[in-house]
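Undergrad: The lines below spell out each chain.
Number of protein chains: 2
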Amino acid sequence: MSTIPYKIYLEESEMPKAWYNVRGDMKKKPAPILNPGTLKPVTIDELSGIFCRELAEQELDDTSRFIDIPDEIRSFYRMYRPSPLVRAYCLEEKLQTPAHIYYKFEGNNTSGSHKLNSAIAQAYYAKKQGLKGVTTETGAGQWGTALSMACSYFDLDCQVYMVKVSYEQKPFRREVMRTYGAKVTPSPSMETEVGRKINAEFPGTTGSLGCAISEAVEAATTQEGYRYVLGSVLSQVLLHQSVIGLETKAALDKYGIKADMIIGCAGGGSNLGGLISPFAGEILRGENNYDIIAVEPASCPSLTRGRYAYDFCDTGKVCPLAKMYTLGSGFIPSANHAGGLRYHGMSSVVSELYDQGIISARSVEQTAVFEAAEMFARIEGILPAPESSHAIRVAVDEALKCKETGEEKNIVFGLTGTGYFDMVAYQKYNDHEMSDYIPTDEELSKSLNNLPKV
Amino acid sequence: MSTIPYKIYLEESEMPKAWYNVRGDMKKKPAPILNPGTLKPVTIDELSGIFCRELAEQELDDTSRFIDIPDEIRSFYRMYRPSPLVRAYCLEEKLQTPAHIYYKFEGNNTSGSHKLNSAIAQAYYAKKQGLKGVTTETGAGQWGTALSMACSYFDLDCQVYMVKVSYEQKPFRREVMRTYGAKVTPSPSMETEVGRKINAEFPGTTGSLGCAISEAVEAATTQEGYRYVLGSVLSQVLLHQSVIGLETKAALDKYGIKADMIIGCAGGGSNLGGLISPFAGEILRGENNYDIIAVEPASCPSLTRGRYAYDFCDTGKVCPLAKMYTLGSGFIPSANHAGGLRYHGMSSVVSELYDQGIISARSVEQTAVFEAAEMFARIEGILPAPESSHAIRVAVDEALKCKETGEEKNIVFGLTGTGYFDMVAYQKYNDHEMSDYIPTDEELSKSLNNLPKV
Numbered sequence: 000m001s002t003i004p005y006k007i008y009l010e011e012s013e014m015p016k017a018w019y020n021v022r023g024d025m026k027k028k029p030a031p032i033l034n035p036g037t038l039k040p041v042t043i044d045e046l047s048g049i050f051c052r053e054l055a056e057q058e059l060d061d062t063s064r065f066i067d068i069p070d071e072i073r074s075f076y077r078m079y080r081p082s083p084l085v086r087a088y089c090l091e092e093k094l095q096t097p098a099h100i101y102y103k104f105e106g107n108n109t110s111g112s113h114k115l116n117s118a119i120a121q122a123y124y125a126k127k128q129g130l131k132g133v134t135t136e137t138g139a140g141q142w143g144t145a146l147s148m149a150c151s152y153f154d155l156d157c158q159v160y161m162v163k164v165s166y167e168q169k170p171f172r173r174e175v176m177r178t179y180g181a182k183v184t185p186s187p188s189m190e191t192e193v194g195r196k197i198n199a200e201f202p203g204t205t206g207s208l209g210c211a212i213s214e215a216v217e218a219a220t221t222q223e224g225y226r227y228v229l230g231s232v233l234s235q236v237l238l239h240q241s242v243i244g245l246e247t248k249a250a251l252d253k254y255g256i257k258a259d260m261i262i263g264c265a266g267g268g269s270n271l272g273g274l275i276s277p278f279a280g281e282i283l284r285g286e287n288n289y290d291i292i293a294v295e296p297a298s299c300p301s302l303t304r305g306r307y308a309y310d311f312c313d314t315g316k317v318c319p320l321a322k323m324y325t326l327g328s329g330f331i332p333s334a335n336h337a338g339g340l341r342y343h344g345m346s347s348v349v350s351e352l353y354d355q356g357i358i359s360a361r362s363v364e365q366t367a368v369f370e371a372a373e374m375f376a377r378i379e380g381i382l383p384a385p386e387s388s389h390a391i392r393v394a395v396d397e398a399l400k401c402k403e404t405g406e407e408k409n410i411v412f413g414l415t416g417t418g419y420f421d422m423v424a425y426q427k428y429n430d431h432e433m434s435d436y437i438p439t440d441e442e443l444s445k446s447l448n449n450l451p452k453v
Numbered sequence: 000m001s002t003i004p005y006k007i008y009l010e011e012s013e014m015p016k017a018w019y020n021v022r023g024d025m026k027k028k029p030a031p032i033l034n035p036g037t038l039k040p041v042t043i044d045e046l047s048g049i050f051c052r053e054l055a056e057q058e059l060d061d062t063s064r065f066i067d068i069p070d071e072i073r074s075f076y077r078m079y080r081p082s083p084l085v086r087a088y089c090l091e092e093k094l095q096t097p098a099h100i101y102y103k104f105e106g107n108n109t110s111g112s113h114k115l116n117s118a119i120a121q122a123y124y125a126k127k128q129g130l131k132g133v134t135t136e137t138g139a140g141q142w143g144t145a146l147s148m149a150c151s152y153f154d155l156d157c158q159v160y161m162v163k164v165s166y167e168q169k170p171f172r173r174e175v176m177r178t179y180g181a182k183v184t185p186s187p188s189m190e191t192e193v194g195r196k197i198n199a200e201f202p203g204t205t206g207s208l209g210c211a212i213s214e215a216v217e218a219a220t221t222q223e224g225y226r227y228v229l230g231s232v233l234s235q236v237l238l239h240q241s242v243i244g245l246e247t248k249a250a251l252d253k254y255g256i257k258a259d260m261i262i263g264c265a266g267g268g269s270n271l272g273g274l275i276s277p278f279a280g281e282i283l284r285g286e287n288n289y290d291i292i293a294v295e296p297a298s299c300p301s302l303t304r305g306r307y308a309y310d311f312c313d314t315g316k317v318c319p320l321a322k323m324y325t326l327g328s329g330f331i332p333s334a335n336h337a338g339g340l341r342y343h344g345m346s347s348v349v350s351e352l353y354d355q356g357i358i359s360a361r362s363v364e365q366t367a368v369f370e371a372a373e374m375f376a377r378i379e380g381i382l383p384a385p386e387s388s389h390a391i392r393v394a395v396d397e398a399l400k401c402k403e404t405g406e407e408k409n410i411v412f413g414l415t416g417t418g419y420f421d422m423v424a425y426q427k428y429n430d431h432e433m434s435d436y437i438p439t440d441e442e443l444s445k446s447l448n449n450l451p452k453v
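Residue numbers (numbering that gives the first Met the number 0), protein chains in the order written: chain A, 0 to 453; chain D, 0 to 453.
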């Protein structure tokens, strides 16, 4: 047996004391985000009307390399972190690959995913600012769950607008949020102006993420003592998620392991950006080289088939615009697509790193993703979230390539969460009712032709 | 900050290499199990017709103190063990108690509970014996899930008879089992003689655990190369679950912590028995003293209100009889009872330890249990299974007593699993639709009067 254990746990004393801001090491920075009204770079004051002040500052800070993690947040992190870096011995044996496979598992907390890393930070700054509460939207519910937990910890009010179809189809997610004291409202609701308007215009609509964002933003800006928070895409979120990459790097260093390849799934980019930040930083500083791969679904291929341009971050067009790889804010992935990662755009930091060639991207089809998910579940004993399974797919493919070439690569991938609340998708796969869907060029140009003229 | 970390993880090299069989240290042994046909002590040959040979041997072995854990099982254990012993710093602060609270968390694996510890052992011995597969029953689904995972790992066929009402109400559990390749059949089915008989007798019945056991046993004994396996109650299961207690003890010893109180929830007794075994052993050998508390639901109070007598382990009366604290095999807890732990009897080992005064017992009502569960979820960040929450309730009560007395007790409890698949029960609690139910003496005597005459 190797001296590398199945699970590498850092000591609490080895946990990161500061987040790493990869923008600080980028010579060419991501383009500034724009005020949707003026189309000029957003000011800190404008941004502070929507977000907490300190989060707004983090959002605009593209020079600091490190930002201290406040003690209160580190204390919360200690309840569920460090997360293990797992050596996938069983998977390696099953694949008969000479590659060494490692995965950073972020699912060992009740929110079931990495989302908690940023949720607790955003709740902390809201509390510190003396706010009463925060509002947000949630689709599948991972982010809403994480935020509910974080708000409960800091005794903040938490108002979640949950896309109506998910509210009805995922009652368990809803109940977890309620157990943590959150108020969960199906969106569109009759509680906001925009919700009433949408309900009047489209009677019986089951909602969309864009609509839920608009409701959450309205609720934040019309209630005294509230701000809006968001679980992905934003640079502040990537900053908080850098704790994943920092721990991964520290665990590898502890055992003298040099990663050759780092693989992460990419929806809005929060997990991928967090995982790869310290590694991308080394590339940017010319210290090291890694093969970094962002994995996205073929049904929502913003990096591999999108355009690098300014776009709205939400379909409601109330949030700032960001320059990013996008399919157009009007793009809606096929309903057939069960595997998560449905966002039309990509974090501006990840987009810029991709544009500079620091990272590459690959798209995969969902049946191949679920095939990998099922194999992984059976061999490694963890039932992965569909999102995470995109990374598994590519890690397995790369390990099989190593089998052909005989290369002993160190492959590291991010396992962002568990799939306990995604069993409807697994059922479709088990019942052979799942198929693949790749948008045609015509479909993509339809939404890409409607990009804002900036 | 204390030098005791939030989570104590043993090194892989510190993990137990042998299970501990507490019966080896008992001067007065648990009474032998009886053949349901002859009412005489079951022989190893009789038992080997239902269970794998080595498991049957373990079942009857009441003298060996330690039994080596085979390498193949230790290898699987390393994928999800050692489980953390968590210092509940946040809960202590919330309660403002001088007590130190620790919990052994067994929920960090896909089966979501401690059941996997025995499932993998039972699957291993089945594989070693060259069997094709195993059959079992499952109610809520924790055991079925664990067994599916274990069988998938050893490439064994796994046939699960799932109580029909659960099969329909818990489709996600069912899908997890299917994802692990198990065949899940709603019980009563038309696939067994006993199933067809019950369906004819009670058209439209939604099934019961007793019926599912009978189907699983029939399926095991009528198919070539199959055996039946069970997730609790049996002494072999307690033996495998001793890994919980051994790790707990090792983690406490590592930091020089002497437990004053050990608390576990008790249904069939598998978790409780496993957790307390090494501690009970020290009491039996006169080396140490601990206050050990078994916590059971007030709606199904086998230890606190049952009778210590021979009884059937299943309502179908096909399994061996055991001397145990029982409410009678005909006892069915109120449907109102959502909190797990619905078994009418108690492991014969736990029963004998209770009868000898080595452990004590306490019953709690379910709304109080869910109150503790919710508080725990909000403060410690883990959404507990309703079963586990029985132990949380008593741990909290004891910590509050310490607050009054000023005692700095070390309270250790077992957190057996997570509640992700129990959100219907949480919803009832959230919606204030949950009430308590305590069976009357008349109700209990009805089933107790029907105990077999042995």
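Keep in mind that the hints were calculated from the coordinates and are not lab data. Where hints are given, some of them may not hold.
Identical copies look the same in the list; a pair holds intra-copy or inter-copy alike.
As the list claims (entries may be wrong) - Here are the computed lysine-lysine pairs in the PhoX-like style, where the Cα-Cα straight-line distance is at most 25 Å: (1) K16 / K408; (2) K445 / K402; (3) K253 / K27; (4) K93 / K127; (5) K6 / K253; (6) K316 / K39; (7) K322 / K400; (8) K28 / K400; (9) K427 / K182; (10) K16 / K6.
Undergrad: Now tell me if each hint is right for this structure.
TA: Structure-based check of each hint:
1. In this assembly of identical chains, the alpha carbons of K16 and K408 never lie at most 25 Å apart, being 30 Å within a copy and 33 Å across copies at closest.
2. Taking the closest pair of Cα atoms, K445 and K402 never come within 25 Å of each other, the shortest separation being 42 Å inside a single copy and 66 Å across copies.
3. Taking identical chains as interchangeable, the C-alpha atoms of K253 and K27 are never at most 25 Å apart, the minima being 32 Å within one chain and 51 Å between chains.
4. Taking the shortest alpha-carbon separations for K93 and K127, only the inter-copy value of 20 Å comes in at or below 25 Å, while the best intra-copy value is 49 Å.
5. Within a single copy, K6 and K253 get their C-alpha atoms as close as 13 Å, and across copies as close as 19 Å, so both meet the 25 Å cut-off.
6. With identical chains, the CA atoms of K316 and K39 are at most 25 Å apart within one copy only, with a shortest distance of 15 Å there and 78 Å across copies.
7. Proximity of K322 to K400 under the C-alpha cut-off of 25 Å is found in neither arrangement, the shortest distances being 35 Å within a copy and 59 Å between copies.
8. For the homomeric pair K28 and K400, neither the shortest alpha-carbon distance inside one copy (35 Å) nor that between copies (58 Å) is at most 25 Å.
9. Only between protomers do K427 and K182 lie at most 25 Å apart by alpha-carbon distance; the minimum there is 16 Å, versus 31 Å within a single protomer.
10. When the C-alpha separation of K16 and K6 is checked against a cutoff of 25 Å, the pair qualifies both within a copy, at 22 Å, and between copies, at 18 Å.
Violated hints, listed in ascending order, are 1, 2, 3, 7 and 8; each of the other numbered hints is respected by the structure.
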